[in-house]
Amino acid sequence: MTRIRIPPTLREEVGGAREVPAEGETVRELLDDLMAQFPSLRRQLVEDDEIAPFVNVYVEGEDVRTREGLDTEVRPGSTVILLPAMAGG
Amino acid sequence: MVSYRDLLAQAKAEIDEVDAVRAKDLIESGDPVIVDVREQDEWDEGHIGGAVHVPRGHLESRIEAAAPDRTRPVLIYCAVGNRSAFAAKTLLELGYVEPVSLAGGFTDWKRNGFPVELSAGLDARKRARYSRHLLIPEVGEQGQLKLLDSKILLIGAGGLGSPASLYLAAAGVGRLGIVDADVVDESNLQRQIVHSTERLGEPKVDSARRTIEALNPDVEVVAYKERLTSENVDRILADGWDVIVDGADNFPTRYLVNDASVWHDIPVVHGSIYRFEGQVTVFKPGEGPCYRCLFPSPPPPELAPSCAEGGVLGVLPGIIGSLQASEALKLALGIGEPLIGRLMLFDALNAEFSDVSIRRDPECPVCGEHPTITEYIDYVEFCAGTREPA
Chain Z
1 MTRIRIPPTL
11 REEVGGAREV
21 PAEGETVREL
31 LDDLMAQFPS
41 LRRQLVEDDE
51 IAPFVNVYVE
61 GEDVRTREGL
71 DTEVRPGSTV
81 ILLPAMAGG
Chain Y
1 MVSYRDLLAQ
11 AKAEIDEVDA
21 VRAKDLIESG
31 DPVIVDVREQ
41 DEWDEGHIGG
51 AVHVPRGHLE
61 SRIEAAAPDR
71 TRPVLIYCAV
81 GNRSAFAAKT
91 LLELGYVEPV
101 SLAGGFTDWK
111 RNGFPVELSA
121 GLDARKRARY
131 SRHLLIPEVG
141 EQGQLKLLDS
151 KILLIGAGGL
161 GSPASLYLAA
171 AGVGRLGIVD
181 ADVVDESNLQ
191 RQIVHSTERL
201 GEPKVDSARR
211 TIEALNPDVE
221 VVAYKERLTS
231 ENVDRILADG
241 WDVIVDGADN
251 FPTRYLVNDA
261 SVWHDIPVVH
271 GSIYRFEGQV
281 TVFKPGEGPC
291 YRCLFPSPPP
301 PELAPSCAEG
311 GVLGVLPGII
321 GSLQASEALK
331 LALGIGEPLI
341 GRLMLFDALN
351 AEFSDVSIRR
361 DPECPVCGEH
371 PTITEYIDYV
381 EFCAGTREPA
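Protein chains in written order, with the working numbering: chain Z, 1 to 89; chain Y, 1 to 390.
Next comes chain Z alone, as it looks inside the complex (with noise of 0.2 Å):
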């Protein structure tokens, strides 16, 4: 079991958690785990297959870009962090 870190603008999709268990050893297990939970989620987080272009997902505070992309491992116990774009100012 992994804690995602929800961060506030999706909160709301998740009845107001900052954390939520998920499971899975990959980022895209991971993800389907969250969005069969919360089926909402879905838009703000996949765009054709693929991490939407305006959301980061960070494993053990890297980009999963820069690694593997959805099929980044993710180990027991990792911080798992959320981060769509943010504009307010």
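Hints listed in this document are in silico derivations from the structure and should not be mistaken for laboratory results.
Warning: the hint list may mix true and false statements.
Said to hold, decoys possible - Simulated restraints on C-beta separations:
| id | chain 1 | residue 1 | chain 2 | residue 2 | range |
| --- | --- | --- | --- | --- | --- |
| 1 | Y | S131 | Z | P21 | 52 to 58 Å |
| 2 | Y | T71 | Z | P21 | 54 to 60 Å |
| 3 | Z | P21 | Y | P301 | 29 to 35 Å |
| 4 | Y | Q190 | Z | T79 | 17 to 23 Å |
| 5 | Z | R43 | Y | S196 | 38 to 44 Å |
| 6 | Y | D185 | Z | R3 | 24 to 30 Å |
| 7 | Z | R3 | Y | D218 | 47 to 53 Å |
| 8 | Z | R43 | Y | L135 | 32 to 38 Å |
| 9 | Y | A124 | Z | R18 | 35 to 41 Å |
| 10 | Y | D123 | Z | G77 | 57 to 63 Å |
| 11 | Y | D123 | Z | R18 | 50 to 56 Å |
| 12 | Z | P21 | Y | P362 | 33 to 39 Å |
| 13 | Y | G50 | Z | T79 | 46 to 52 Å |
Claimed, not checked - Residues of chain Z clear of chain Y, computed beta-carbon distances all greater than 12 Å:
| id | residue |
| --- | --- |
| 14 | R28 |
| 15 | D49 |
| 16 | A52 |
| 17 | R75 |
Unchecked claim - Covered, in the sense of this in silico footprint (three residues per stretch, anywhere, with C-beta under 8 Å from a C-beta of chain Z), are these stretches of chain Y:
| id | segment |
| --- | --- |
| 18 | 88–97 |
| 19 | 270–284 |
No residue lacks a Cβ here, since even glycine has one placed at the ideal position from N, Cα and C.
With chain Z's structure known, arrange chain Y on it following the hints.
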């Protein structure tokens, strides 16, 4: 009992001295740290170019900051070569390997017709105002002069622009540009501290200008009472800015600022806020990622969250905007480790800072090896009716 003459003779016997001609050779070939140990008024009347000013009374406490490498030669001078002889002896005691004193001092230097740098130095009033900066070795008089000569452009005089503009003005940044088309609204005042209740309805750039000029008359405010667009961005950036502080409240402006800053080669201190959380980073063209390396394109309008809808804790922009001011000052001074390649996240509810690393994307459509975006894109307005910078 020893007299002054005895002490001086003793000091001179222990140290190395050079005359003005050899001092000039040393400066040209040896890369010494040049230290002027005279008093402030003497320094103001002219000094050797490239010298650092460490009055002899502060020598022991300040020399390590001015000359951290004890193996590097140090050329010390005063008016005629006596105070510098004592100073050189002190440096020997502190473990400096090659302190040399300029025999004949600055007087002899001038008599030889060698170049003298007139102090564009701070006058007494500025020295008082910025005294807490002058005491920091990393800033000092040269740093303060740099700040007074620097030009920083703020995008938005809203939540982030308020604290950023106040601290940059207080720090003595010589020219502050402010781009904002809005007027002060009652809902702004919960966080936009550069404005005030009596300014309701006043254009934000005018309100900000009044506050800044009251705070620090050394600052010249350049007000752009317009919304940043593809039509005006080149004109505004061409006014010559060292740093941009991005405190916009919408994606079209964020992407416009990014693309323009890459093409104009100006670093951007980026900040954004939502509810209890904020982000800060520095996008420096050529050295680190740009906004599009991080987020290649904006979200579709229906997914873009806006502060006007989501709200924001009033003090949050105070924290994030102050961090932006701090990064902007570091860039203007050329000191420290700017937040390049790191995105700092702040969570006020958990009182927690964290950061993630962000990298330059070789495939980036703007700053990558084969850019596909070469002209400005006007994205669809996201927050219709909520245009004010949050």
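These are the hints, each one checked on the structure:
1. S131(Y) and P21(Z) have their C-beta atoms about 54 Å apart, which keeps the hinted 52 to 58 Å range intact.
2. As the Cβ distance of T71(Y) to P21(Z) is approximately 57 Å, the hint placing it in 54 to 60 Å holds.
3. Between P21(Z) and P301(Y), the C-beta spacing of about 32 Å keeps the proposed range 29 to 35 Å intact.
4. A beta carbon spacing of about 33 Å between Q190(Y) and T79(Z) contradicts the range 17 to 23 Å that was offered as a hint.
5. Against the hinted window of 38 to 44 Å, the Cβ-Cβ separation of R43(Z) and S196(Y) comes to about 42 Å, which satisfies the hint.
6. Roughly 40 Å separates the CB atoms of D185(Y) and R3(Z), a value that falls outside the hinted 24 to 30 Å.
7. The hinted range of 47 to 53 Å is satisfied by R3(Z) and D218(Y), whose Cβ atoms lie roughly 50 Å apart.
8. For R43(Z) and L135(Y), the Cβ-Cβ distance of about 55 Å falls outside the hinted range of 32 to 38 Å, so the restraint is violated.
9. The hinted window of 35 to 41 Å between A124(Y) and R18(Z) is violated, with their beta carbons roughly 54 Å apart.
10. For the pair D123(Y) and G77(Z), the beta carbons lie near 60 Å from each other, so the given range of 57 to 63 Å is met.
11. At roughly 53 Å, the beta carbons of D123(Y) and R18(Z) sit within the given window of 50 to 56 Å.
12. The beta-carbon spacing between P21(Z) and P362(Y), approximately 35 Å, falls within the hinted interval of 33 to 39 Å.
13. Taken as a hint, the range 46 to 52 Å holds for the pair G50(Y) and T79(Z), whose Cβ atoms sit roughly 48 Å apart.
14. The Cβ of R28(Z) sits about 20 Å from the closest Cβ of chain Y, beyond the 12 Å cut-off, so the non-interface label holds.
15. The claim that D49(Z) lies off the interface holds: its Cβ sits roughly 16 Å from the closest Cβ of chain Y, which is beyond the 12 Å cut-off.
16. Not every Cβ of chain Y is farther than 12 Å from the Cβ of A52(Z); the closest lies at roughly 7 Å, contradicting the non-interface assignment.
17. The Cβ of R75(Z) sits about 17 Å from the closest Cβ of chain Y, beyond the 12 Å cut-off, so the non-interface label holds.
18. Proximity of the segment 88–97 of chain Y to chain Z, defined as three or more residues with a beta carbon under 8 Å from a beta carbon of that chain, is not established by the 0 residues found.
19. With 8 residues having a Cβ less than 8 Å from any Cβ of chain Z, the segment 270–284 of chain Y passes the three-residue criterion, so the hint holds.
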